[in-house]
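Peer 1: Chains A and B are the protein sequences, given in the same order.
Okay, so the first sequence: first residue is 1 according to my numbering, each after it adds one.
Okay, so the second sequence: first residue is 281 according to my numbering, each after it adds one.
What the hints contain is simulated information worked out from the structure, not anything from laboratory work.
Do not rely on the hints blindly, as some may be mistaken.
Across the chosen pairs, the derived CB separations fall in these ranges [to be verified]:
id, chain 1, residue 1, chain 2, residue 2, range
1, A, E111, B, S350, 28 to 36 angstroms
2, A, N31, B, D384, 45 to 53 angstroms
3, A, V170, B, G348, 44 to 52 angstroms
4, B, A341, A, L87, 57 to 65 angstroms
5, B, T311, A, F113, 36 to 44 angstroms
6, A, L260, B, D446, 38 to 46 angstroms
7, A, I92, B, N474, 33 to 41 angstroms
8, A, F113, B, T464, 17 to 25 angstroms
9, A, M122, B, D497, 51 to 59 angstroms
10, B, N474, A, M122, 35 to 43 angstroms
11, A, E111, B, T464, 38 to 46 angstroms
Below, a list of computed lysine to any residue pairs in the SDA-like style, where the Cα atoms sit at most 20 angstroms apart [said to hold, decoys possible]:
id, chain 1, residue 1, chain 2, residue 2
12, A, K179, B, I349
13, A, K112, A, F133
14, A, K188, B, T372
15, A, K271, B, A410
16, A, K112, A, T166
17, A, K188, B, H413
18, A, K184, B, E382
19, A, K184, B, A408
20, A, K22, A, S258
21, A, K179, B, H413
22, A, K266, B, I349
23, A, K112, A, K184
24, A, K271, B, L429
25, A, K184, B, F336
26, A, K179, A, P192
27, A, K188, B, S354
28, A, K188, B, R371
29, A, K179, B, A408
30, A, K271, B, A408
31, A, K266, B, D355
32, A, K188, B, M383
33, A, K179, B, A410
34, A, K266, B, M383
35, A, K179, B, R338
36, A, K271, B, T340
The C-beta atom is built at its ideal place from N, Cα and C for all residues, glycine as well.
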Amino acid sequence: MAQDVYMAEEELTPSETKSASKAVASSFLSNLFPFLVLAVVWEAVVKMQIFPPVLMPSLGRVFETFWKMLLNGTLFMHLGASVSRLLVGFAIGSAIGIGLGLVMGQSRFAEKFFQPLLSALMPIPSLAWIPLFVLWFGLGNTATIAVIIFAAALPIAFNTWTGVKTANPVLIRAAHSMKCRGAKMFLKVILPASLAMIFTGLRIGLSQSWRALVAGEMLAATSWGLGFAIFDAREFLATDAMLVMVITIGFVGFLIVSVLFGFVEKHTVVKWGMLQEVGA
Amino acid sequence: MAQITLTKIAKRFVTDGRSVDALKDVSLELTDGEFICVVGHSGCGKTTLLNILAGFLRPTAGQILVDGISREKSDVSIGVVFQEYALFPWRTALENIAFGLEMDGLAKAEARTKARHFLELVHLGDFADAYPHQLSGGMRQRVAVARALAYEPGLLLMDEPFGALDAQTRERLQSMTQEIWLATQKTIFYVTHNISEAVFLGERVVIMRPKPGHIHDIVKIDLPRPRDPLADDFVHVQRQITKALSDQG
């Protein structure tokens with residue numbers, strides 16, 4: 001919380017909303033530059049023909065394939081299959097994660113029971129579970145979604161629990177003195193006080209799920225999905241299509257994690273001064 | 281309104297097998313409508329005493345009666361102003377003040393109307409929709425005072441409320457606190473390490489000393505209000521208390 005900043009009495013912090021859109025534009029441009037450099041280097045390597053063109057396509061060719069896949073709808077089919085798996089898995093995973101984290105933060109017993117389990121499971125890459133899940137659930141959606149749930153739930157539970165445990169005790173005392181107890185204390189004080197940490201957990205959980213999704217699709221999917229499509233394209237040496245998928249994965253992942261969460265956070269924890277705006 | 285009697289209060293903290301007596305044999309009577317200030321160096325147990333009154337801590341021994349009923353059974357409402365502001369960052373100034381009223385069961389609209397009255401009492405009517413992080417330290421603490429007053433508690437506890445503020449702001453808030461007390465005649469229990477502040481505000485000043493925390497002396501301040509911190513008799517009382525705080529034996 002930004003309460004250590006000294007300001008003269010009667011003086012409000014100037015609203016920075018006006019300059020915000022300008023800042024976004026300039027940060028977009030400065031973020032674009034490294035990608036331009038990368039593109040130039042890529043093209044140079046292609047021109048030098050270190051790899052045969054079929055293994056390392058030019059950006060023009062990648063864009064052509066992108067355009068073709070966009071127009072004939074295959075890109076959207078793959079993207080749609082992936083995103084719907086992600087949403088289902090992430091929704092279930094975050095419900096489990098937030099629920100578990102809240103219970104752990106409130107009950108000493110639950111904390112003692114689950115904390116060692118979480119600590120043991122956290123370092124295991126979710127990818128490691130996929131072959132096992134495929135054996136249990138068969139190839140297809142179930143195995144992939146199970147991995148996503150797993151990937152999402154762990155960091156979300158961990159961060160939610162931390163958020164509840166580190167909720168400012170002075171706020172809880174203040175509420176207590178105003179006769180706030182039980183469920184009201186939980187909903188009106190502890191939950192909002194831990195919201196910044198819960199969002200951090202959701203952010204991590206979502207980017208982990210996105211990775212788990214692509215990996216899961218490579219090993220378990222049967223017909224559609226970005227991960228599946230990359231693996232499938234390998235069979236035809238379609239490196240241009242593979243690159244289209246890879247770039248799509250990166251871009252959509254960025255959109256979901258940064259833009260969506262940036263928006264939600266801007267209207268809650270950033271507005272409340274509980275979190276500094278990222279990249280501002 | 282509340283009459284509070286503390287009898288032989290003791291508090292012992294046990295950490296890692298070592299026990300520390302934070303308070304021993306503290307007896308004190310707060311009469312209804314009294315402004316009582318507690319001074320002492322850090323470690324004298326003054327904040328522990330406040331936390332016991334607030335119900336955040338249970339005394340190891342002794343008894344607290346509120347209007348003749350024991351503290352645990354009494355349903356007296358208590359307002360607390362903390363040094364660290366303690367405003368809810370996700371609520372606007374107005375919503376912060378309305379919190380205690382909502383907890384008392386008032387409907388949201390009604391709570392807001394009443395909260396607005398208290399916001400104006402601390403001269404922040406224009407900042408109803410500001411979030412705490414947008415306010416200066418002094419303004420935040422005024423919201424905190426308004427919040428603690430809004431549900432009309434019988435007893436107001438203030439724990440070094442203006443200790444983190446600069447000198448001018450602190451003086452202004454002291455005057456504001458005095459005005460509010462004169463207007464509402466609340467029982468106020470005010471903890472501070474600032475002797476001048478205690479002499480300016482208190483009807484009585486309780487002097488506490490550490491190891492174990494106990495009441496060393498209670499000084500009645502008979503100076504007329506508003507008090508002038510530069511007047512000879514003010515300085516005289518201040519010197520007397522300073523001496524009592526640091527005397528050996």
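Peer 1: Taking the beta carbons of N31(A) and D384(B), is their distance inside 45 to 53 angstroms?
Peer 2: holds, 51 angstroms
Peer 1: Could you grab the alpha-carbon distance between K179(A) and A408(B) and see if it respects the 20 angstroms cut-off?
Peer 2: Violated: K179(A) and A408(B) sit about 23 angstroms apart, past 20 angstroms.
Peer 1: Taking 57 to 65 angstroms as the hint, is the beta-carbon distance of A341(B) and L87(A) inside that range?
Peer 2: Once the Cβ atoms are compared, 59 angstroms apart, the range 57 to 65 angstroms for L87(A) and A341(B) holds.
Peer 1: Would you check the hint for K112(A) and K184(A), treating anything up to 20 angstroms between C-alpha atoms as holding?
Peer 2: With Cα atoms ~25 angstroms apart, K112(A) and K184(A) exceed 20 angstroms; violated.
Peer 1: Between the alpha carbons of K266(A) and M383(B), is the straight-line distance 20 angstroms or under?
Peer 2: violated, 28 angstroms
Peer 1: Between T311(B) and F113(A), is the Cβ distance one that fits in 36 to 44 angstroms?
Peer 2: violated, 51 angstroms
Peer 1: What's the verdict on K271(A) and T340(B), does the C-alpha distance respect the 20 angstroms limit or exceed it?
Peer 2: violated, 43 angstroms
Peer 1: Taking 20 angstroms as the top limit, are the C-alpha atoms of K112(A) and F133(A) close enough?
Peer 2: violated, 28 angstroms
Peer 1: Quickly compare the C-alpha distance for K22(A) and S258(A) to 20 angstroms and report which way the hint goes.
Peer 2: holds, 18 angstroms
Peer 1: Given the range 28 to 36 angstroms, decide if the beta-carbon distance of E111(A) to S350(B) lies inside it.
Peer 2: holds, 33 angstroms
Peer 1: For K188(A) and H413(B), compute the direct alpha-carbon distance and say whether it is at most 20 angstroms.
Peer 2: holds, 19 angstroms
Peer 1: Given the proposed pairing of K179(A) with I349(B), does the C-alpha separation stay at or below 20 angstroms?
Peer 2: The given pair, whose Cα atoms are some 18 angstroms apart, holds under the 20 angstroms limit.
Going down the numbered hints, you'll see the structure goes against 3, 5, 7, 8, 10, 13, 19, 21, 22, 23, 24, 27, 29, 31, 33, 34 and 36, while the others check out.
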